[in-house]
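Here's the letter readout for the chains.
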Amino acid sequence: MLIKNMVPQVSGKTGFKTLLLIIRIHKFLRKTSCFRLMSEFKIRPAEEEDAKPVEDMVAGWLKWKVERAGAFRKALREKDHLILIAEAEAQIVGVLHMLFYLDVVNGGLNSHILLLHVEEGYQGKGIGRALLDEAVKHAAESAR
Amino acid sequence: MPLKARAEIHVDTVFEDAVKFYKKYGFKDNGVMLELPLNRLQK
Chain A
2 MLIKNMVPQV SGKTGFKTLL LIIRIHKFLR KTSCFRLMSE FKIRPAEEED
52 AKPVEDMVAG WLKWKVERAG AFRKALREKD HLILIAEAEA QIVGVLHMLF
102 YLDVVNGGLN SHILLLHVEE GYQGKGIGRA LLDEAVKHAA ESAR
Chain B
73 MPLKARAEIH VDTVFEDAVK FYKKYGFKDN GVMLELPLNR LQK
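Chains as they are written, first to last, in our numbering: chain A, 2 to 145; chain B, 73 to 115.
Misleading hints may appear alongside valid ones.
[What the hints assert, rightly or not] With a Cα cut of at most 16 Å, we get these calculated EDC-like pairs of lysine to aspartate or glutamate:
| no. | chain 1 | residue 1 | chain 2 | residue 2 |
| --- | --- | --- | --- | --- |
| 1 | B | Lys95 | B | Asp84 |
| 2 | B | Lys76 | A | Asp134 |
| 3 | A | Lys80 | A | Asp57 |
| 4 | B | Lys95 | A | Asp134 |
If you are wondering where the hints come from, they were derived from the structure by calculation, not from laboratory data.
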């Protein structure tokens, strides 16, 4: 709408340059935090009912199907597992699965990220980073 | 006196974009996998 209204006001080369400038500004805003603040999503711990949607999402991403929901539900009940969900527009758009284990070399509680995925249409909006932020916070608190 | 126990987060991935993402976040390649020490976050 904005582009449509602006371009006819300037003709020829100037119009084309204006259009290019608008596209560049749009791309820049998409990469910066200004745009991220406009995107609404929330990060929360996973629940039993997330098992199927997450299974479908991972199957769609990896292009191969396997029964994953059972492992998901089992991991939810284990204290050494952390599964976080990213939700946007009332649907699951991202997931992070982390496993905690004691390291006898370092002497501390280490963790391994087993899965971090954000749906294609929602990438570049800070969702992956937000999932990771939450996981790092949890790991740091657990390691104390 | 022994040093304080260390804690790290590890991740390994075959996806180049993911490697860039983790490195940008602060993970370092230890030659086997990517790791993020947590001790600097501990108070």
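Structure-based check of all given hints:
Using a Cα cut-off of 16 Å, the hinted pair Lys95(B) and Asp84(B) holds, with the two alpha carbons roughly 12 Å apart. A threshold of 16 Å between alpha carbons decides the hint, and for Lys76(B) with Asp134(A) the separation of about 24 Å lies outside it, so the pair is violated. Between the alpha carbons of Lys80(A) and Asp57(A) the distance comes to roughly 24 Å, so the proposed pair goes past 16 Å and is violated. Of the supplied pair hints, the one linking Lys95(B) and Asp134(A) holds, its CA atoms being roughly 14 Å apart against a limit of 16 Å.
Of the numbered hints listed earlier, those contradicted by the structure are 2, 3.
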